[in-house]
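**Q** With the hints as extra help, turn the sequences into a complete structure.
As they're listed, the protein sequences go chains A and B. For the first sequence, the positions run 1 to 339 when our numbering is used. For the second sequence, the positions run 1 to 461 when our numbering is used.
Just so you know, the hints here were simulated from the structure itself, not pulled from any lab data. Among the hints, a few may not be true.
[As the list claims (entries may be wrong)] Distance condition first, Cα-Cα at most 16 Å in a straight line; then the derived EDC-like pairs of lysine to aspartate or glutamate:
hint	chain 1	residue 1	chain 2	residue 2
1	B	Lys176	A	Asp95
2	A	Lys50	A	Asp76
3	A	Lys261	A	Glu120
4	A	Lys27	A	Glu161
5	B	Lys145	A	Asp95
6	A	Lys284	A	Glu298
7	A	Lys295	A	Glu275
8	A	Lys284	A	Glu337
9	A	Lys226	A	Glu183
10	A	Lys218	A	Glu189
11	A	Lys50	B	Glu271
12	A	Lys261	B	Glu420
13	A	Lys295	B	Glu377
14	A	Lys261	B	Glu377
15	A	Lys50	A	Asp323
16	B	Lys176	B	Glu158
17	B	Lys179	B	Glu165
18	A	Lys107	A	Glu161
[To be verified] Computed footprint of chain B on chain A, listed as stretches where at least three residues anywhere in the stretch have a Cβ under 8 Å from a Cβ of chain B:
hint	stretch
19	58 to 70
20	86 to 93
21	128 to 142
22	283 to 297
23	325 to 337
[Claimed, not checked] Restraint ranges, calculated between C-beta atoms of paired labels, are given here:
hint	chain 1	residue 1	chain 2	residue 2	range
24	B	Ala458	A	Thr269	27 to 37 Å
25	B	Ile451	A	Glu276	29 to 39 Å
26	B	Phe421	A	Thr269	17 to 27 Å
27	A	Glu276	B	Gly146	28 to 38 Å
28	B	His459	A	Lys192	22 to 32 Å
Since the model is a prediction, treat every value here as computed from it, not as a measurement. Cβ atoms here follow ideal geometry from the backbone N, Cα and C, with glycine treated the same way.
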Amino acid sequence: MKTIVYLVSILITAIYPLVNAGADELKIVTTTSDLAAIAKAVAGDKAIVKNICRGYEDPHFLQAKPSYIVRARDADLWIRIGAELEIGWEMPVLDGSRNSRIRPGTKGHLDASENVQILEIPTVPITRAMGDVHPLGNPHYWLDPLNARRIAGAIAERLAELSPDNAAFFRQNAVLFQKALDEKMFGTELIKSVPAEKLWAMTEDNSIATFISEDANKDKAGGWIKTMQPLGGQKIVTYHKSWIYFTHRFGMSVAAELEPKPGIPPTATHLKEVEEIMKANNIKIILQEPFYSVKAAETVAGKTGARVVVVANSVGGDREVVDYVSLIDLIIKRIIEGK
Amino acid sequence: MIPALWIPCSCSAADEETTTNTLEEIQRLRSRIETLEKKAAETQPAASSASVLTNAAAQKSPLVETTLAKGWRSFQSFNPEISAIVDMFYHADDSADGISHVTDEMSGFGHSHSGEGHDHGAIENGFNLRHLELQFSAEVDPYFKGTAIAAIDLDGAEMEEAHMETTCLPYGFSIKGGKFYSDFGYINAQHSHQWDFVDQPLIYQLTLGPHGLNDVGAQVSWLAPTPFYLLAGAEAFQGKNDMMFAYSGDSPLPHHNGPRVGVGWLKFGPELPGNHGLQAGVFGAIGRDQEAHDGDEDSNSDHWLDGNSMFWGADCVYKYNSPQPHCKGDLTLQAEYFNRRKDLKMIANDLNPSLVGNHRIDDQDGYYLQAVYGLFERWRGGLRWEQVGLINTTELPDGSREDFGSSYRAGVMIDFTPSEFSRLRVQVNRGSYETADGREPVTEVFLQWMISLGTHGAHKF
Chain A
1 MKTIVYLVSI
11 LITAIYPLVN
21 AGADELKIVT
31 TTSDLAAIAK
41 AVAGDKAIVK
51 NICRGYEDPH
61 FLQAKPSYIV
71 RARDADLWIR
81 IGAELEIGWE
91 MPVLDGSRNS
101 RIRPGTKGHL
111 DASENVQILE
121 IPTVPITRAM
131 GDVHPLGNPH
141 YWLDPLNARR
151 IAGAIAERLA
161 ELSPDNAAFF
171 RQNAVLFQKA
181 LDEKMFGTEL
191 IKSVPAEKLW
201 AMTEDNSIAT
211 FISEDANKDK
221 AGGWIKTMQP
231 LGGQKIVTYH
241 KSWIYFTHRF
251 GMSVAAELEP
261 KPGIPPTATH
271 LKEVEEIMKA
281 NNIKIILQEP
291 FYSVKAAETV
301 AGKTGARVVV
311 VANSVGGDRE
321 VVDYVSLIDL
331 IIKRIIEGK
Chain B
1 MIPALWIPCS
11 CSAADEETTT
21 NTLEEIQRLR
31 SRIETLEKKA
41 AETQPAASSA
51 SVLTNAAAQK
61 SPLVETTLAK
71 GWRSFQSFNP
81 EISAIVDMFY
91 HADDSADGIS
101 HVTDEMSGFG
111 HSHSGEGHDH
121 GAIENGFNLR
131 HLELQFSAEV
141 DPYFKGTAIA
151 AIDLDGAEME
161 EAHMETTCLP
171 YGFSIKGGKF
181 YSDFGYINAQ
191 HSHQWDFVDQ
201 PLIYQLTLGP
211 HGLNDVGAQV
221 SWLAPTPFYL
231 LAGAEAFQGK
241 NDMMFAYSGD
251 SPLPHHNGPR
261 VGVGWLKFGP
271 ELPGNHGLQA
281 GVFGAIGRDQ
291 EAHDGDEDSN
301 SDHWLDGNSM
311 FWGADCVYKY
321 NSPQPHCKGD
331 LTLQAEYFNR
341 RKDLKMIAND
351 LNPSLVGNHR
361 IDDQDGYYLQ
371 AVYGLFERWR
381 GGLRWEQVGL
391 INTTELPDGS
401 REDFGSSYRA
411 GVMIDFTPSE
421 FSRLRVQVNR
431 GSYETADGRE
441 PVTEVFLQWM
451 ISLGTHGAHK
461 F
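**A** Put into structure tokens, the structure is as follows:
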């Protein structure tokens, strides 16, 4: 017993000075690669940003491995998607890190979901017989570029609080990130004549579709909204309930999922129902992430003549996807390809 | 424009006021914001991106926030988290007196001699309700988190864990106190519902009993600031394990003050690329141990031993987390080696007083190796190989020495996890056990089902 305490104290005194060098830089750890991409854009060279879940992994099914704990141990700011997406592994990592600066409720813990629009918040009492329904609403909100815009603002504000000397720098970076998204979304010309906020507001009820068809705006409109215009009002089928934010922003809707209930793999009887829905609605696209098996989608596609679109839903999930803008670029490219 | 400029200064003023004032202020501001938002939305729906950013409250600009769900912010999660786990299985084996009888009689691993004598944790042929585990856990305050777990079985309830742990200590330290599972090794700190096989590894069952090392005490642990994962822990326990750290203090056995058991361990985890995770550890423990025996089987103790028991060992776990959902393609490899030594002195002997002062020394060891692989979505298959008694000697107080052989057991399991809240498992064991009556081969079959109700915290690596 005494020997152990003695050995431990020797270890502490020996190791501490060696590894505590260079502690000035802000260290940000995000749960997902998308949050890391946005945090990098906002923090610039004033912080080191690391993420836990890589773009090709399913954030629902990570395991709290020791190296995650090491990352969390050194963090000044922890940013999570929230809405229970990381429920299976976040607390063991935070507990294991012994880092009191980033525990939930502290300044160093930013729950991005508190700053975005959350859809599908249950309005009726839920039971687990409904599958893996998130009681706080659907957590896949990062696929809505407007939410990415909001996350950037929230990160800038939190960083400004943690490092007041660089507040202006972070806010300016967030504005640049938001401007870049505005331009990608609506085209450079359109945002010159119409304030971006007004345009984003019109995407909420899809009145943007009529707006960009008007003669005055037709030639100015560009970007993602223009590219996606032909798909406006269309219904698609997805594997998991993870694309509703994307379809919501681009005026589309999801008619059915291949999963019979969230988190339950496809069954033959359910796929039959999906086929019926697809035929009745003339649905031509089945959209899913690369980490799910394509077997179910291909079976249904074979019977309905639909196209299976497999595309990364996170930064790093595909070689082309290096930041937030290229993520949305790729998703749109894949959906549009041979539509 | 007006609301955006107005909100930041009011908010910063509110920050400095007392809680009650702040709450009132927030309430007032909230209604003010709503009125202004409404007005702004009617008159001029645009705000510059700079104003959207000025602070979090300003983000409530009508354009970015109109559709933000109202219910979200009022949501309160359960405090504490409460869960109940029901762990049941059906068991059948081909031995004459049941598997528990066989493992009780294994040479070199003499069963408990000083406990209350109830056969807790014994596996019966037929239905077994292992327990209903009731768990409560929460952040206590900004300084502690707490956990209370009661295990209820047909014999009654038992306090499995009741402890608090610091969350606020600097330099990677944490202190835990209460009744808890020792964190040495890998499987010891896991509850039975976390095991990948129905039954406990043989070496743990034979040396520490069905609950492993679970006792009242305190733990100090330290996460080193190294570029890799390095966690060191020291624990002191009162010493109430019937198998290895038993204590009665009743005459003629001497009295010892607690804590009577000390444990130390070290865990190491390198930063591996991709989806690979590894954790390896070493551990050791030493503590007081007392035994009372009934040599002539007249139901009265007639000789008493007192001394130290110690164990040491190593553990290693490798996990591959495949990108596929529902465990498909996931691989877990797990191994532990455990070596124990009991060195007890004869304190009194009514049958043969000449042995008093002599020692009985037991040296035994064992290990298990297991692999679990995600065969399909939600389906896993596993193999386990175990051996105990590679070292298996007893030096008796009369100076004689006994060498026993080793025993082994092989297990195969397949489990199906319909959702995160339920699991079904089939397992077959084939073992060959070295007992006092000779070698006994036993085949066992298990069918297990477990359910989890309520909010159960995530598990560690």
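**Q** For every hint, state whether the structure bears it out.
**A** Hint check:
For the proposed pair Lys176 of chain B and Asp95 of chain A, the alpha carbon gap of about 12 Å is at most 16 Å, so the pair holds. Taken as a hint, the Lys50 of chain A and Asp76 of chain A pair is honoured in the structure, with Cα atoms around 12 Å apart against an allowance of 16 Å. Distance restraint check for Lys261 of chain A and Glu120 of chain A: the Cα-Cα separation of roughly 14 Å lies within the 16 Å cut-off, and the hinted pair is therefore satisfied. Using a Cα cut-off of 16 Å, the hinted pair Lys27 of chain A and Glu161 of chain A holds, with the two alpha carbons roughly 14 Å apart.
Only pairs whose Cα atoms come within 16 Å are accepted, and Lys145 of chain B paired with Asp95 of chain A is accepted, the gap being roughly 10 Å. Among the hinted pairs, Lys284 of chain A with Glu298 of chain A is consistent with the structure: their alpha-carbon atoms are about 12 Å apart, no more than 16 Å. Only pairs whose Cα atoms come within 16 Å are accepted, and Lys295 of chain A paired with Glu275 of chain A is accepted, the gap being roughly 14 Å. The straight-line distance between the Cα atoms of Lys284 of chain A and Glu337 of chain A is roughly 12 Å, inside the 16 Å bound, and the hint therefore holds.
A hinted pair counts as satisfied when its Cα atoms are at most 16 Å apart, and Lys226 of chain A with Glu183 of chain A qualifies at roughly 12 Å. Distance hint between Lys218 of chain A and Glu189 of chain A is fulfilled; the C-alpha atoms sit about 11 Å from each other, no more than 16 Å. For a cut-off of 16 Å, the pair hint linking Lys50 of chain A to Glu271 of chain B stands: about 14 Å separates their Cα positions. Only pairs whose Cα atoms come within 16 Å are accepted, and Lys261 of chain A paired with Glu420 of chain B is accepted, the gap being roughly 13 Å.
Distance hint between Lys295 of chain A and Glu377 of chain B is fulfilled; the C-alpha atoms sit about 12 Å from each other, no more than 16 Å. Between Lys261 of chain A and Glu377 of chain B, the direct Cα distance comes to roughly 15 Å. Compliance with the 16 Å bound is thereby established for this hinted pair. Pair hint Lys50 of chain A plus Asp323 of chain A holds up; C-alpha atoms about 14 Å apart against a cutoff of 16 Å. At most 16 Å may separate the alpha-carbon atoms for a hinted pair to count; Lys176 of chain B and Glu158 of chain B exceed this at roughly 20 Å.
In summary, the hint linking Lys179 of chain B to Glu165 of chain B is supported, as the alpha carbons are separated by about 11 Å, within the 16 Å threshold. Of the pairs offered as hints, the one joining Lys107 of chain A and Glu161 of chain A holds, with about 8 Å between alpha carbons and a cut-off of 16 Å not exceeded. Requiring three or more residues with a Cβ within less than 8 Å of a Cβ of chain B, the coverage given for the stretch 58 to 70 of chain A holds, as 11 such residues are present. Interface restraint, the stretch 86 to 93 of chain A with chain B: holds (6 residues with C-beta to C-beta distance below 8 Å; minimum three).
Given as covered by chain B, the stretch 128 to 142 of chain A passes the check, having 6 residues with a CB less than 8 Å from a CB of that chain where 3 are the minimum. For the stretch 283 to 297 of chain A, the proposed coverage by chain B is satisfied: 4 residues have a C-beta within less than 8 Å of a C-beta in that chain, meeting the threshold of three. Residues of the stretch 325 to 337 of chain A lying with their CB closer than 8 Å to a CB of chain B number 0, which falls below the three-residue condition for coverage. Between Ala458 of chain B and Thr269 of chain A the beta carbon distance is about 32 Å. The supplied range of 27 to 37 Å therefore holds.
At roughly 34 Å, the beta carbons of Ile451 of chain B and Glu276 of chain A sit within the given window of 29 to 39 Å. Here the CB-CB span from Phe421 of chain B to Thr269 of chain A is close to 22 Å, well matched to the stated 17 to 27 Å. Range check, Glu276 of chain A to Gly146 of chain B: Cβ separation about 52 Å, and the 28 to 38 Å hint is violated. With their beta carbons about 54 Å apart, His459 of chain B and Lys192 of chain A fall outside the hinted range of 22 to 32 Å.
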